[in-house]
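2 protein chains.
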Amino acid sequence: MTKNLIPNKKDEPAKWYTAVVQLAELSDYGPSKGTMIIRPYGYAIWENVQKVFDEMIKDYGVDNAYFPIFIPMSYIEKEKSHVDGFAPELAIVTHGGGQKLEEPLVIRPTSETIINASFTKWVQSHRDLPIKLNQWSNAVRWEKRTLPFLRTTEFLWQEGHTIHSTHEEAKAMQKYAMDSYAKLYREYYALDGYVGRKSRMETFAGADETLTFETMMPSGKALQSCTSHDLGQNFAKAFDTKFQDEDGEEKFVWQTSWGLSTRSIGGLILGHGDDNGLVLPPRLAPKQVVIVPVKSNERLVAFSNELKATLRQAGIRADVDDRDDESFGYKLNKWDVKGVPVIFKIGEKEAADKTVTAKRRDTGEENHFAASDTAQETAKLLEIIQADLLVKSRQVRDENTREASTYEEMKQILAEHKGFVKVFWNDNSEIEAKIKEETKAVSRCCIETGKKGTDFYTGKPATEVWLFAQSY
Amino acid sequence: MTKNLIPNKKDEPAKWYTAVVQLAELSDYGPSKGTMIIRPYGYAIWENVQKVFDEMIKDYGVDNAYFPIFIPMSYIEKEKSHVDGFAPELAIVTHGGGQKLEEPLVIRPTSETIINASFTKWVQSHRDLPIKLNQWSNAVRWEKRTLPFLRTTEFLWQEGHTIHSTHEEAKAMQKYAMDSYAKLYREYYALDGYVGRKSRMETFAGADETLTFETMMPSGKALQSCTSHDLGQNFAKAFDTKFQDEDGEEKFVWQTSWGLSTRSIGGLILGHGDDNGLVLPPRLAPKQVVIVPVKSNERLVAFSNELKATLRQAGIRADVDDRDDESFGYKLNKWDVKGVPVIFKIGEKEAADKTVTAKRRDTGEENHFAASDTAQETAKLLEIIQADLLVKSRQVRDENTREASTYEEMKQILAEHKGFVKVFWNDNSEIEAKIKEETKAVSRCCIETGKKGTDFYTGKPATEVWLFAQSY
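Chains A and B supply the protein sequences, listed in that same order.
With the working numbering, you'll find the first sequence wraps up at 472, consecutive numbering, no jumps.
With the working numbering, you'll find the second sequence wraps up at 472, consecutive numbering, no jumps.
Keep in mind that the hints were calculated from the coordinates and are not lab data.
Just to be clear, a hint being listed does not mean it is correct.
No copy labels: a pair is met if it fits in one copy or bridges any two.
In silico DSBU-like cross-links for lysine-lysine, where the CA-CA straight-line distance does not exceed 35 Å [to be verified]:
#1 Lys460 with Lys78
#2 Lys354 with Lys460
#3 Lys51 with Lys380
#4 Lys10 with Lys80
#5 Lys121 with Lys452
#6 Lys242 with Lys287
#7 Lys100 with Lys349
#8 Lys440 with Lys132
#9 Lys121 with Lys51
#10 Lys100 with Lys15
#11 Lys452 with Lys237
#12 Lys51 with Lys436
#13 Lys411 with Lys251
#14 Lys440 with Lys100
#15 Lys359 with Lys132
#16 Lys460 with Lys15
#17 Lys436 with Lys33
#18 Lys251 with Lys295
#19 Lys411 with Lys121
#20 Lys58 with Lys460
#21 Lys121 with Lys354
Please read these numbers as outputs of a predicted model, since none were measured by experiment.
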């Protein structure tokens, strides 16, 4: 647990990432390919995310439920583009209770199909609508190259699934989910990004439209952070999910789904971390303050514990590190690696004067205040750090967004800087596939419509502004 | 959604159970064998359980984490009695990403083996101990006969896993977990039962000692409601989980595990339900009060909404049922089936006089109070209902506990009444297996030791008092 073990972030971003994940004790490798153990320090971040987002969706009338992890293969096959999209990534159970199964079972890669089968059963009349469900669960997609949090065979997530009597109401739900994600990312993860619509090639398998929140990592690669889908009536038609409207007419339901996964923690690590390790935004940090006495003697530990009690009473997640087998320097180092937003350094001077020396993890800056002001000064400091991290993230996003008017310009930007390339473009899957092959970049999302410009690839008139980037 | 569809509980307990589960919208059947969809109303009960128990274990220093659902078959095989116990119930993944896997993966039936492999990696010194982890997750056991909640192929649960440097500390953890379960059952589920030690035959596969909380259902069958295991050093030896103690000596860790699952909701349904459907204890009820205006006119709905606001402000989970397409009688019926503890019946008289008529689900008794007293009167009423349900459950337990001094007496009691049969017994797996074959009853737990008596089966001296019963 020492920052000397951490490679330079800029020079060796991949090694930096895996070192930080391990040294900060966020996760460890599972025994089977591409699986991940989420250790308590990493899981506590996810619990904080769950608390915030769960409240947001419940405010909109979404209820939690739980659907089986086993999906009959025949379900997956019902919606054509869905099976085409997911077939290569499926994990299959063929044996149960010592016997070969009659029908192989898919471990859910996502739950549209199994949930639609229930919707079909539960809905008769327009009075049964809307149904707005969410589940917090695990899901499995067999990935070729894996990375802790960012891409794992098994991941944790929430998946929202809703059905509505009108397309308008479904669109409002799709938008509410994306607005909530954007709020969560900006106000809690302290990561800014772009909200926009996915291209046809990048749209979710089975959806009419996918909204996405795309963040820019300091490496110049984009990260798709969460998505919200307008499923139209595609699954409704595949599963015959109908209702009788007020006029007695049978209609297919309109549907959405939306998800945010533990991948977002990968974004958090990449987005804020530095050469000394993790940097956590206070609102998601498992420990917001760690109080480290210079020596673990009775006097300093007692004063530290008083400060801890004051902070906890003010609702601040605080701990004292009073281990007696580690030096003061080692401890500071350890909590730096773990990205704790604020460290209180408590020496004899602080104990005598009843003052606090509070070091910010993000800037290294030290603040001094009277012990009697601890609660309010710390709360203020945490809010400042939270806000500063967002500003920094916005700068990264903006500095890494460059305009191109031709494909040549795009290629040059990608070669020199990576980052987002902003272009006028007419969504075209064939062209996008070619660009992907030649530059490893794909469109991330459409961020503006109704403008006048020239398609960077074809030179034809275009009205939509798109971002392209390489991505995780 | 009508109570007329519910069979008589006493005469047709199995049909009663499945009808209530469906009509109260607690769960529905999944598409593959023995799986269950937990609908929002059922899941909300589980969320309430999670909230309470999560706090209890965090108070004891237990952290949440997450381990992969896929366990290599070779791990399961490392602890001999463990694999013997679980082999017949395993679900196996043989294919992933379109290819046959080199080593088949087991879907976790429980996570001792995979967690032990990590413990081995994470622990070097006594300073790394204890490690106290818990995970909220799904697990899969291939069951032959299944019933919603009570026995399902996939279930949700928490599984706690801890390692310690001394046996004493591990025993204290095992006891804390069981004490917390007993508190949760009595104070939240309002179900009383017996805490005791499992017989050798019934001990968890891989444990030295299993503690259990056994509840008695009105049908006369016992329900194992949760368990807490002293795993001794069995998994530590199988996985070589060692630490250096203060003297530099290498030692195996001492270990516990403990779990509570969605099965407990089956106990809740069986334990309190009646011929009109579900009866929920207020502390776990998703809705504690539903306010039903006699007619959905503006005046009554406005008054109902005022009452709802008052209740919610007091932290009471309250809703108004103002649907205009269902009659007053149908609504009362519906909320009775769903077991809502208190229904406010709001007619013109109540609105004019600013009074409330509050009907208890458990007794049918009606209470009247001034609208201005709503918050305190309702809070009091909910506490009374909670307490009364526990008293009733204790009566069921006590009335269904009968002493026997010979095997003949036991058989007679089981034939006439079922219930718990209390006997002096010397734990003996061979005898227990015979009794199981002949009576379908097994030992549930040992509830007293150090007494003087005569073994009901062998006639030899015995010092332990045991309960036998048929069970779910």
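Each hint, compared with the structure:
In this assembly of identical chains, Lys460 and Lys78 lie within 35 Å of each other by CA distance neither inside one copy nor across copies; the values are 38 Å within and 66 Å between. When the C-alpha separation of Lys354 and Lys460 is checked against a cutoff of 35 Å, the pair qualifies neither within a copy, at 70 Å, nor between copies, at 71 Å. Taking the shortest alpha-carbon separations for Lys51 and Lys380, both the intra-copy value of 22 Å and the inter-copy value of 30 Å come in at or below 35 Å. Within a single copy, Lys10 and Lys80 get their C-alpha atoms no closer than 43 Å, and across copies no closer than 49 Å, so neither meets the 35 Å cut-off.
With identical chains, the CA atoms of Lys121 and Lys452 are never at most 35 Å apart, being 48 Å at best within one copy and 60 Å at best between copies. For the homomeric pair Lys242 and Lys287, the shortest alpha-carbon distance between copies (29 Å) is at most 35 Å, but the shortest distance inside one copy (49 Å) is not. Taking identical chains as interchangeable, the C-alpha atoms of Lys100 and Lys349 are never at most 35 Å apart, the minima being 71 Å within one chain and 65 Å between chains. Taking the shortest alpha-carbon separations for Lys440 and Lys132, neither the intra-copy value of 37 Å nor the inter-copy value of 44 Å comes in at or below 35 Å.
Taking the closest pair of Cα atoms, Lys121 and Lys51 come within 35 Å of each other both inside a single copy (31 Å) and across two copies (31 Å). Within a single copy, Lys100 and Lys15 get their C-alpha atoms only as close as 43 Å, which misses the 35 Å cut-off; across copies the closest is 31 Å, which meets it. For the homomeric pair Lys452 and Lys237, neither the shortest alpha-carbon distance inside one copy (37 Å) nor that between copies (71 Å) is at most 35 Å. Taking identical chains as interchangeable, the C-alpha atoms of Lys51 and Lys436 are never at most 35 Å apart, the minima being 38 Å within one chain and 47 Å between chains.
With identical chains, the CA atoms of Lys411 and Lys251 are never at most 35 Å apart, being 48 Å at best within one copy and 60 Å at best between copies. Taking the shortest alpha-carbon separations for Lys440 and Lys100, only the inter-copy value of 30 Å comes in at or below 35 Å, while the best intra-copy value is 42 Å. Taking the shortest Cα distances, Lys359 and Lys132 sit within 35 Å of each other only across copies (30 Å), while inside one copy they are farther apart (45 Å). Within a single copy, Lys460 and Lys15 get their C-alpha atoms no closer than 43 Å, and across copies no closer than 69 Å, so neither meets the 35 Å cut-off.
Taking the shortest alpha-carbon separations for Lys436 and Lys33, only the intra-copy value of 27 Å comes in at or below 35 Å, while the best inter-copy value is 43 Å. In this assembly of identical chains, the alpha carbons of Lys251 and Lys295 lie at most 35 Å apart only when taken from different copies (30 Å versus 72 Å within one copy). With identical chains, the CA atoms of Lys411 and Lys121 are never at most 35 Å apart, being 51 Å at best within one copy and 46 Å at best between copies. Proximity of Lys58 and Lys460 under a CA criterion of 35 Å is satisfied in neither setting, with 46 Å inside one chain copy and 62 Å between copies.
Taking the shortest Cα distances, Lys121 and Lys354 never come within 35 Å of each other, neither inside one copy (66 Å) nor across copies (42 Å).
In this structure, the hints that do not hold are numbers 1, 2, 4, 5, 7, 8, 11, 12, 13, 16, 19, 20 and 21, in rising order.
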